[in-house]
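Could you build the full structure based on these sequences and the hints that come with them?
In order, the protein sequences belong to chains A and B.
Under this note's numbering, the first residue of the first sequence carries the number 99, and numbering increases by one thereafter.
Under this note's numbering, the first residue of the second sequence carries the number 99, and numbering increases by one thereafter.
Fair warning: there could be bad hints in the mix.
Note that the list lumps identical chains together, so a pair holds whenever it fits in one copy or between two copies.
[To be verified] As a list, the in silico EDC-like pairs of lysine to aspartate or glutamate whose alpha-carbon atoms are at most 20 angstroms apart:
hint : residue 1 : residue 2
1    : Lys311    : Glu266
2    : Lys311    : Glu250
3    : Lys173    : Glu198
4    : Lys173    : Asp384
5    : Lys228    : Glu388
6    : Lys438    : Glu267
7    : Lys407    : Asp312
8    : Lys438    : Asp141
9    : Lys172    : Glu388
10   : Lys201    : Glu171
11   : Lys283    : Glu327
12   : Lys412    : Glu250
13   : Lys394    : Asp181
Keep in mind the hints are simulated off the structure, nothing from the lab.
These numbers come from a predicted model, not from an experiment.
Protein chains: 2
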Amino acid sequence: MKTFTPSYLKEFTEKVFVEFGIPEYHARIASGILALSDIRGIDSHGVARLYSYAGLLSEGRINPNPKIEIIREKKSVCTVDGDNGLGLVVGHYANLIAIEKAKTFGSGWVSVFNTNHFGIAGYYVLEALKHDMIGWAMTNSTKLVAPLWGAERMLGTNPIAIAFPGLEEPPIVIDLATSAAAFGKIEIAMRADSNIPEGWIINKDGVTTTYPKDMIDGGALLPLGSTREAGGHKGYALASMVDILTAVLSGANWGPFAPPFALRQEIPERSVGKGIGHFFGAMEIDGFMEVDEFKKRIDDWISVMRNTKSVEGKQVVIPGDPEREEEIIRSKNGIPLSDKVVEDLRAISAMTGVPFEAD
Amino acid sequence: MKTFTPSYLKEFTEKVFVEFGIPEYHARIASGILALSDIRGIDSHGVARLYSYAGLLSEGRINPNPKIEIIREKKSVCTVDGDNGLGLVVGHYANLIAIEKAKTFGSGWVSVFNTNHFGIAGYYVLEALKHDMIGWAMTNSTKLVAPLWGAERMLGTNPIAIAFPGLEEPPIVIDLATSAAAFGKIEIAMRADSNIPEGWIINKDGVTTTYPKDMIDGGALLPLGSTREAGGHKGYALASMVDILTAVLSGANWGPFAPPFALRQEIPERSVGKGIGHFFGAMEIDGFMEVDEFKKRIDDWISVMRNTKSVEGKQVVIPGDPEREEEIIRSKNGIPLSDKVVEDLRAISAMTGVPFEAD
Numbered sequence: 099m100k101t102f103t104p105s106y107l108k109e110f111t112e113k114v115f116v117e118f119g120i121p122e123y124h125a126r127i128a129s130g131i132l133a134l135s136d137i138r139g140i141d142s143h144g145v146a147r148l149y150s151y152a153g154l155l156s157e158g159r160i161n162p163n164p165k166i167e168i169i170r171e172k173k174s175v176c177t178v179d180g181d182n183g184l185g186l187v188v189g190h191y192a193n194l195i196a197i198e199k200a201k202t203f204g205s206g207w208v209s210v211f212n213t214n215h216f217g218i219a220g221y222y223v224l225e226a227l228k229h230d231m232i233g234w235a236m237t238n239s240t241k242l243v244a245p246l247w248g249a250e251r252m253l254g255t256n257p258i259a260i261a262f263p264g265l266e267e268p269p270i271v272i273d274l275a276t277s278a279a280a281f282g283k284i285e286i287a288m289r290a291d292s293n294i295p296e297g298w299i300i301n302k303d304g305v306t307t308t309y310p311k312d313m314i315d316g317g318a319l320l321p322l323g324s325t326r327e328a329g330g331h332k333g334y335a336l337a338s339m340v341d342i343l344t345a346v347l348s349g350a351n352w353g354p355f356a357p358p359f360a361l362r363q364e365i366p367e368r369s370v371g372k373g374i375g376h377f378f379g380a381m382e383i384d385g386f387m388e389v390d391e392f393k394k395r396i397d398d399w400i401s402v403m404r405n406t407k408s409v410e411g412k413q414v415v416i417p418g419d420p421e422r423e424e425e426i427i428r429s430k431n432g433i434p435l436s437d438k439v440v441e442d443l444r445a446i447s448a449m450t451g452v453p454f455e456a457d
Numbered sequence: 099m100k101t102f103t104p105s106y107l108k109e110f111t112e113k114v115f116v117e118f119g120i121p122e123y124h125a126r127i128a129s130g131i132l133a134l135s136d137i138r139g140i141d142s143h144g145v146a147r148l149y150s151y152a153g154l155l156s157e158g159r160i161n162p163n164p165k166i167e168i169i170r171e172k173k174s175v176c177t178v179d180g181d182n183g184l185g186l187v188v189g190h191y192a193n194l195i196a197i198e199k200a201k202t203f204g205s206g207w208v209s210v211f212n213t214n215h216f217g218i219a220g221y222y223v224l225e226a227l228k229h230d231m232i233g234w235a236m237t238n239s240t241k242l243v244a245p246l247w248g249a250e251r252m253l254g255t256n257p258i259a260i261a262f263p264g265l266e267e268p269p270i271v272i273d274l275a276t277s278a279a280a281f282g283k284i285e286i287a288m289r290a291d292s293n294i295p296e297g298w299i300i301n302k303d304g305v306t307t308t309y310p311k312d313m314i315d316g317g318a319l320l321p322l323g324s325t326r327e328a329g330g331h332k333g334y335a336l337a338s339m340v341d342i343l344t345a346v347l348s349g350a351n352w353g354p355f356a357p358p359f360a361l362r363q364e365i366p367e368r369s370v371g372k373g374i375g376h377f378f379g380a381m382e383i384d385g386f387m388e389v390d391e392f393k394k395r396i397d398d399w400i401s402v403m404r405n406t407k408s409v410e411g412k413q414v415v416i417p418g419d420p421e422r423e424e425e426i427i428r429s430k431n432g433i434p435l436s437d438k439v440v441e442d443l444r445a446i447s448a449m450t451g452v453p454f455e456a457d
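See below:
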């Protein structure tokens, strides 16, 4: 483990993006989103992903200078063509379109196609908060999850994010994948050679298993709820909802046809659209209620939930708490990166000529 | 078990509502929603609930003739005061407001307070389909669910519904409670004196239990995902999202303060608004994509998902399939009602003078 300041990593990332022909103002946005992820403790979506972005950029599989445009609209709703740009950039601008629409029409809803991995969904909903709006963000992604009773990967981990501002309290930030567990947890167990809990994955025959290696051997993640008995059909339905709003509605590749987010991964046999898809929403709080009254009600809600009688030794957590606590720690102590990630960043440095660790 | 034709039950329900002073055109809507629930096989939300509605109406706790109105709006968004009407009626009209707004602004979003139990969320999203719109419906409800790591009931089973139309295929209809299991399943196990699976409920100390009686003795339902390991924090976050959009944003009672939907249930110690809350959305498909193109893409999606390689002896189901299959059966064979429900309907008949079973 090595530790870096957030600003050092952000600057490195920005320069790398610029080396790949991304305009500086786009590189600034994209590196900011990856840095936010690292600061908030979501290691899987931060600078650890730069190697994948760099790989796709170097192979010309992401357009470094996209022309992002609305191709169809009706007042509060529209479809945006991301022109195969970095998802971080396309997502940022499409989300701004939702926010602008909300200023004019009370709400704005944007379905996006021809785009790529957009980082943490939480970033976009935090942006909406700056405008006293309730923000929504979803994206589809490479297949990893089996529908309930399925025995193969058909859907991505398809996250849903939404945030609500408090007045004195920090905002409630919901950002969840619709799978039971993250793929990263399976990888960690595999490296540690340890078993995983029931309910996370199935093997290639669709049977639940506690051996992480079964995931690699043709297995799949289970949707949130895991089994029929515990509500796995609900997680599957939520993942489907995200897939349809982001990809079917926009004209992107849906379900098992979402392109992979890395080199050397299998390209889907069929193309049913362009790129992957996102979906953004923004609603003006003021259109429903006085903004400060809403924020006071959120403060009250947070305080009541936090004070729930709890299981011994535990406390009820408000969505967004863990990330905010991590943010305080990492802003002070820096971002710890695994040897593997540091090695990747060195490789990117060698590839691009952008210095890393003053080497 | 006795079996009744859907139209017989619908007529009886309608006349009962009229007896309680509900205008005929409102009674028609309300009885139609309960009948739809019975036809689609969702017994818990159909005529079995008439006893609760009748009880609350007879005690004057529901306003039979509400003046439903928009109290604040900004183009595509608004807040509606349900004037303490039947949730079935308030929900119907608030949903129509969302649909009307979508005709004008591309989308419509309505948060509702001062309302009551609205039946199946699926009804509202099916209405939006008639206008080639994607409909959303949510409601909060009486506390039954513990937040993750909580040891008491703080949230309702807070359902989320959304539907997408196919061209040749029937629509995808998603309608799910954000708890791991329905309260009705606990009641069934209690009556059968059988154990329930791990992950459905906790006892009064917040410990997971397989004894259904623990639910009654101060226990609570677990959110979708059940445990931290299997994603219980996600189900809790989804239930929170619904609670905030429906009740915090509208001015209704949120979280543990949602009033009960039955006589003889404990009234919450605090009031933080009026009634319970709903949230409806409608989006014009045409604002994103040619309607027929979208429907064809949905057909393709359905066919691909249905043909997922599956677990032996099972097939992947499309959300909405089970209810539609039940609809075909029950439209032909009638609605089976338990002795308990028939007894309740007889009691309502005695109370109102509306004949039941020609007695």
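Going through the hints against the structure:
In this homomeric assembly, Lys311 and Glu266 never come within 20 angstroms of each other (Cα to Cα): the closest approach is 47 angstroms inside a single copy and 41 angstroms across copies. Taking the shortest Cα distances, Lys311 and Glu250 sit within 20 angstroms of each other inside one copy (15 angstroms), while across copies they are farther apart (38 angstroms). In this assembly of identical chains, the alpha carbons of Lys173 and Glu198 lie at most 20 angstroms apart whether taken from the same copy (11 angstroms) or from different copies (14 angstroms). Taking CA atoms no more than 20 angstroms apart as the test, Lys173 paired with Asp384 passes in both settings, with 19 angstroms inside one copy and 11 angstroms between copies.
With identical chains, the CA atoms of Lys228 and Glu388 are at most 20 angstroms apart within one copy only, with a shortest distance of 16 angstroms there and 34 angstroms across copies. Neither within a single protomer nor between protomers do Lys438 and Glu267 lie at most 20 angstroms apart by alpha-carbon distance, with minima of 38 angstroms and 48 angstroms respectively. Within a single copy, Lys407 and Asp312 get their C-alpha atoms only as close as 39 angstroms, which misses the 20 angstroms cut-off; across copies the closest is 17 angstroms, which meets it. With identical chains, the CA atoms of Lys438 and Asp141 are at most 20 angstroms apart within one copy only, with a shortest distance of 12 angstroms there and 55 angstroms across copies.
Within a single copy, Lys172 and Glu388 get their C-alpha atoms only as close as 27 angstroms, which misses the 20 angstroms cut-off; across copies the closest is 12 angstroms, which meets it. For the homomeric pair Lys201 and Glu171, the shortest alpha-carbon distances inside one copy (16 angstroms) and between copies (13 angstroms) are both at most 20 angstroms. Taking identical chains as interchangeable, the C-alpha atoms of Lys283 and Glu327 lie at most 20 angstroms apart only when they sit on different chains, with a minimum of 11 angstroms there against 23 angstroms within one chain. Within a single copy, Lys412 and Glu250 get their C-alpha atoms only as close as 37 angstroms, which misses the 20 angstroms cut-off; across copies the closest is 13 angstroms, which meets it.
When the C-alpha separation of Lys394 and Asp181 is checked against a cutoff of 20 angstroms, the pair qualifies neither within a copy, at 41 angstroms, nor between copies, at 24 angstroms.
Of the hints listed earlier, those the structure fails to meet are numbers 1, 6, 13, in rising order.
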